[in-house]
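Novice: Heads up: the sequence lines are chains A and B, in that order.
Quick note, the first sequence lines up with residues 1 to 480 if you use the working numbering.
Quick note, the second sequence lines up with residues 481 to 711 if you use the working numbering.
FYI, nobody ran anything at the bench for these hints, they're computed from the structure.
Treat the hints with care, since some could be wrong.
[As the list claims (entries may be wrong)] Below, a sample of chain B positions facing chain A; criterion: calculated Cβ distance under 7 Å:
| no. | residue |
| --- | --- |
| 1 | 531 |
| 2 | 559 |
| 3 | 569 |
| 4 | 594 |
[Stated by the list, open to error] Selected chain A positions facing chain B (in silico; Cβ < 7 Å):
| no. | residue |
| --- | --- |
| 5 | 377 |
| 6 | 379 |
| 7 | 450 |
| 8 | 453 |
| 9 | 454 |
| 10 | 457 |
Even glycine gets a Cβ: it sits at the ideal position worked out from N, Cα and C.
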Amino acid sequence: MITEIAWKNVWRNKTRSLTVIASVAVGVFAGVFAMAAINSSVVQRIDAAVNEELSHIQVNNKDFRSSGDIRNIIRDYDKILSVLNNTPGVTDITGRVILRGVASTAAKSTGVEITGIDVEKEKEMFTLSGKLIPGTGSYFGPDTKGNTVFKPVFIGEKLAKDLNIIRYIITADVLKKLEEKGVSSGVTAKLLSIKDQRYTSDKKFKRAVEGLLTPKEIKKYALSIREAAWSYREGSRIILSFLDMNNVQTGAAFRVCGIFRTNNDILEGTSLFVPIDELRKLTGMPAGTYHRVIARLADNDMTDDATRAIRNNLPDYEVLNWKEIVPDLAMIADMMQQIYGVFMAIILAALAFGIANTMLMAILERTREIGMLAAIGMNRRKIFSMIMLESIFLSMVGGIAGMVIGKVVIAITAKTGINLVKYSEGMEAIGYSAHLFPTIETRFFITTAVLIIITGILASIYPARKALKLNPVEALRGEK
Amino acid sequence: MKVVEINDVYKTYHDTEVEVKAINGITLSFEKGDFAVVVGPSGSGKTTLLNLIGGLDQPTGGEIIVAGHRLSELRPSELIDFRMEHVGFVFQSYNLIPVLTAEENIGFIMNLQKWPKEKRKARTDELLKSVGLADRHRSRPSQLSGGQQQRVAVARALAPRPEFILADEPTANLDSKSADTLLDIMEKLNREEEMTFIFSTHDIRVMKRARRVITIEDGRIVSDERTNVVS
Numbered sequence: 001m002i003t004e005i006a007w008k009n010v011w012r013n014k015t016r017s018l019t020v021i022a023s024v025a026v027g028v029f030a031g032v033f034a035m036a037a038i039n040s041s042v043v044q045r046i047d048a049a050v051n052e053e054l055s056h057i058q059v060n061n062k063d064f065r066s067s068g069d070i071r072n073i074i075r076d077y078d079k080i081l082s083v084l085n086n087t088p089g090v091t092d093i094t095g096r097v098i099l100r101g102v103a104s105t106a107a108k109s110t111g112v113e114i115t116g117i118d119v120e121k122e123k124e125m126f127t128l129s130g131k132l133i134p135g136t137g138s139y140f141g142p143d144t145k146g147n148t149v150f151k152p153v154f155i156g157e158k159l160a161k162d163l164n165i166i167r168y169i170i171t172a173d174v175l176k177k178l179e180e181k182g183v184s185s186g187v188t189a190k191l192l193s194i195k196d197q198r199y200t201s202d203k204k205f206k207r208a209v210e211g212l213l214t215p216k217e218i219k220k221y222a223l224s225i226r227e228a229a230w231s232y233r234e235g236s237r238i239i240l241s242f243l244d245m246n247n248v249q250t251g252a253a254f255r256v257c258g259i260f261r262t263n264n265d266i267l268e269g270t271s272l273f274v275p276i277d278e279l280r281k282l283t284g285m286p287a288g289t290y291h292r293v294i295a296r297l298a299d300n301d302m303t304d305d306a307t308r309a310i311r312n313n314l315p316d317y318e319v320l321n322w323k324e325i326v327p328d329l330a331m332i333a334d335m336m337q338q339i340y341g342v343f344m345a346i347i348l349a350a351l352a353f354g355i356a357n358t359m360l361m362a363i364l365e366r367t368r369e370i371g372m373l374a375a376i377g378m379n380r381r382k383i384f385s386m387i388m389l390e391s392i393f394l395s396m397v398g399g400i401a402g403m404v405i406g407k408v409v410i411a412i413t414a415k416t417g418i419n420l421v422k423y424s425e426g427m428e429a430i431g432y433s434a435h436l437f438p439t440i441e442t443r444f445f446i447t448t449a450v451l452i453i454i455t456g457i458l459a460s461i462y463p464a465r466k467a468l469k470l471n472p473v474e475a476l477r478g479e480k
Numbered sequence: 481m482k483v484v485e486i487n488d489v490y491k492t493y494h495d496t497e498v499e500v501k502a503i504n505g506i507t508l509s510f511e512k513g514d515f516a517v518v519v520g521p522s523g524s525g526k527t528t529l530l531n532l533i534g535g536l537d538q539p540t541g542g543e544i545i546v547a548g549h550r551l552s553e554l555r556p557s558e559l560i561d562f563r564m565e566h567v568g569f570v571f572q573s574y575n576l577i578p579v580l581t582a583e584e585n586i587g588f589i590m591n592l593q594k595w596p597k598e599k600r601k602a603r604t605d606e607l608l609k610s611v612g613l614a615d616r617h618r619s620r621p622s623q624l625s626g627g628q629q630q631r632v633a634v635a636r637a638l639a640p641r642p643e644f645i646l647a648d649e650p651t652a653n654l655d656s657k658s659a660d661t662l663l664d665i666m667e668k669l670n671r672e673e674e675m676t677f678i679f680s681t682h683d684i685r686v687m688k689r690a691r692r693v694i695t696i697e698d699g700r701i702v703s704d705e706r707t708n709v710v711s
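Pulled out of the complex, with its shape left as it was, chain B reads as follows (with noise of 0.2 Å):
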């Protein structure tokens, strides 16, 4: 089932004089329980590529379709609720909220949705247990380690169950270890739960575990290859 289709999509930025073409004529699309990656070098188009599909950023050419919603037929407002109901965002610099606990964290979204109180502290739980943090409830993200508070931006994001995760390169900040139970979780999560993950990375361990990889430049796929890698 296609989570995302891209539709020979364009994005061009006017810089004073310059004309920049971030992204040029991509078609693309992704299915439910995807564990793909978007690879290619710095200024490669590969995050704006990540903004278009979330909803972020509006294409200049093309469409994008993501579960059924054509995105540049919804207004401002409406994107920002497309993206509450259906993009969990992970960020390279985990971007919690600083004064809140974990625990309020991932409960976040749900808050905004207005989930039942019982029924979004079951999901919190139930993600704290996944993510390994089932201890660290109450704690702020600065009593937390880089790689445990991109574990929380982890279960925030998948907290109300949206149909794909966007990772702009989500390992960046982390060492070898924290990115190794990082990816660890999202492949459980992927496997258990078929959630689809996209991420945008230049880090090789994540492209060791993806399924697909697709390599961008100068805003053009130059390859997108499924891999043999069993989870």
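Pulled out of the complex, with its shape left as it was, chain A reads as follows (with noise of 0.2 Å):
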């Protein structure tokens, strides 16, 4: 009985409940929403991590990181094999060779890891195959003529920019693809001033540009006009240089054979990937050794409960899963749920006020019934409890609205994405995808539904302690 008359004093004043519940169901959709899409920046990282760099675990020659030196080999590959066979969860396994050396161009060097792969196992194991950009060739095949790359080289973007083999440049080629495009002649004819002039960063190509064209053409053009300079010679030549076993400087010249891209500028700017056999041969080091043995596990689940297997078959070796290999990255994945919940109790908390505000107002306005039902032997606990189960109603009911709407929205946006373009440049810095796919596990709204009874019960408080002073026999003299 008590619920009921609770549930209908609810709608009771339709056009002030419905008020307090659209700002609560705006308030809960804004923090569902807002949390689906910072989870699904990190969920992304920590896919794009996995997925085309880290793998999920990595067993090391025991100083080969502290030391960074190319002695510190793995040999006894056949053993850390059988341990990571015999390891539930582990799907694939892969050995790198890796060498911190430099790259150099004609025109720039900068010091790099040089990963020595298996080409073909790495295909199968990380996506970076698939990140490769049209048109710059192919993931250690032929050039798009078809020919074969010798001692071919794959590099990211970001690099290929910082040794000036991607280069920006307006030509009479590009402009003439422009206009074919639609931008207008007063455009390409504003971009002759910089005709023929090489750009080697996104940057100062695109200050160049914007001092040039109205802010409308720089919404309107700029990217097609990046995308037209953007400009590679195939096959473009690398010098590697690094220590060998020996600790004596080597090196020799490789050719890009492709340009990947990813959201993370450090793996773009400071890895690129060789044949592993290349650098066996340019350091001497023996046949089926490596600095590094990397197994990949089916569920990202069971990366705690492998890693300590691992490590405790193989203790005379280095054993690092992804968390400890990023752990700023594992640290915020963990930390979500509780992110989450400080989140969402603040926008509640602001709600709050609201709630009690308009439980305030139905109390003042029921002063006499109150107190009529005091008279008639509604006792105390029942009076806070009617009071509490409305404050509680209003949230449940707004929450539940914000929660629907946040669900499809984040259904719908998980398959267009969101685009934050505009901030790409900062995002990808420090490896994070400015395209957002937002997503949200269950129990993210299992714990916004508690939330929100809290809120109910939490807003209730001061009205029905309100309700709980009236004296039934002025509350019913007051209005009468």
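Got two chains here, each in a separate frame; can you build the complex from them with the hints?
Specialist: Below, the structure written as structure tokens:
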């Protein structure tokens, strides 16, 4: 009966209740959706880290990472292979040779990490081969004309820019292409002033173009101009220098077989990949030796258990999982539930004042009725429960509406994505994608529902106490 | 059988610097089956007396015994239970719960007392019939006239079979016809169920129907007369 009265009381003043419900719905939707977007950037970052770069578990020579000395190699690969193969959850295994060196072109040089890989195995285990920029060649295959690339190297777009392999040039051809694409002749005329000038970075090129165009033209054409001016010479040569097994400087010229693009500027700007045998030959590393053995698991949730098992069986090696390699990312992932809780609690705390205010108005309007209820025998506990239930119903109706809207919008944007291209430079610099696909786990909704109920209870305390303080005689007399 | 005993009761209000003696040494009792009215000018203490009898207020002196309970000895929570079990209230402004139907309003106290559903339903039907609203089960207060609402309020007060009904100016907001109908119903219930009714009123129609008229002025009983009205 109390529940029924409370529910009916919610709808006594529909406009007022719907206003509160709408504000709760909007607040909950905003919280759920914002968290789904934040969560997606973390999930995507983890996926990218695991699938493009790290995999789940790495086994290193114990001293390799700390010293960086290439002579700290893994000699008993078979033993590691046997342990990994017998670890539940391990689905794929590969080995890498890792060197620190310098990459140089005629124009520039930069420090890099040179990774020797089993090309075919890595293609199965990682998604990097799929990140090839169309038109830049292939993943260790022939170039776009079908010619074999000797001593191939697969590099990131950022590194290619840093080494001046990629540049931006407005040539006559580019201007023609732009006009064909519908760029106005007024705009192409303005671009003539930077014709044939080479720009080696996005930033410089962007600045030059934006200096010539109006804000409206920039908004409309900047992306097309950047794409058209992007220039790369296939098979560009890079000299890679590093120390060999005798600690003697060595190196060789490699040809860029393809350029990959990811959302991770650090990977793109510092890592390059070459066939493992090429590095073994150049360094004098014995066949079958590696610096790092990498294992992939069937499920990310198995990471901790698998790491423990491998660590126990390989005490002479450094066994690390992705969470230990990028602890900041792991910490954010682990803290998402808490972050979400705090975030929602702040939103709901603000909404609680609105609910409390509405409840207070309702109580003041119903003074005589509450006095009558107390007079005819409704005890304090029941009056308190009735008011608390009204408050919970108000918040729950709004909360459920907000969660449903949130779920629908998340489902839609999970397919279409949210493009934050405006912030891509900053986000990609720290490894996060500027194209988000919001996602949220069911447990987040459970947390939200619990928080909403708590909000309803807290918001009812003050109005309910106010109602309990009413003296039935005065309340009945008050509005007589 | 005495239902209510009031022994030398005082009620004093302290309104800022002024002391108001609303009830000034009243001794009175009501028998089972009484159909009594308390009359007097405004501010004479009628409503205060009814509030004291109903356990809504506590006297500053004296003793009130209702259905064997000394009200001054009951804690606030016990007073609430006492009111629910022994007293039926009818208010001037009906005070029905607007979100509930006539049937639900009548069943409200029985619900609080956890009556079984079937028993509650039977009692509600019986009372709706008694007050002439057998066809208005599902009507909300806003769909009923003032007279009909007050009849529902009477049915609600009677529902849990209290010791007596306290009705504070029950006809004040009603037209003559509605007031007569209401009084007919209450007289019938008094006669058939031997229900005790104690009214406070200014309404001459109520006074004419009462079998006992208690007049108070300045918180004192001026007269207590039994009339020859035969129901």
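Novice: Does each hint hold? Answer for all of them.
Specialist: Evaluated hints:
Checking residue 531/B against chain A: minimum C-beta separation of about 5 Å stays under 7 Å; hint holds. At about 10 Å, the closest approach between the beta carbon of residue 559/B and any beta carbon in chain A exceeds 7 Å, and the interface hint on this residue is violated. Against a cut-off of 7 Å between C-beta atoms, the interface hint on residue 569/B holds, since the closest Cβ of chain A lies about 6 Å away. At its closest, the beta carbon of residue 594/B sits 10 Å from a beta carbon of chain A; the interface hint therefore is violated under the 7 Å criterion.
Interface restraint check: residue 377/A against chain B, minimum CB-CB distance 2 Å, threshold 7 Å, status holds. Because the beta carbon of residue 379/A sits about 5 Å from the nearest beta carbon in chain B, less than 7 Å, this interface hint is met. About 28 Å separates the beta-carbon of residue 450/A from the nearest beta-carbon of chain B, more than 7 Å, and the hint is not met. Taking 7 Å as the C-beta cut-off, the interface hint given for residue 453/A is violated, the closest approach to chain B being about 23 Å.
A distance limit of 7 Å between C-beta atoms decides the matter here; for residue 454/A the minimum to chain B is near 26 Å, and the interface restraint is violated. Here the hint on residue 457/A is broken, as its CB sits about 22 Å from the closest CB of chain B, past 7 Å.
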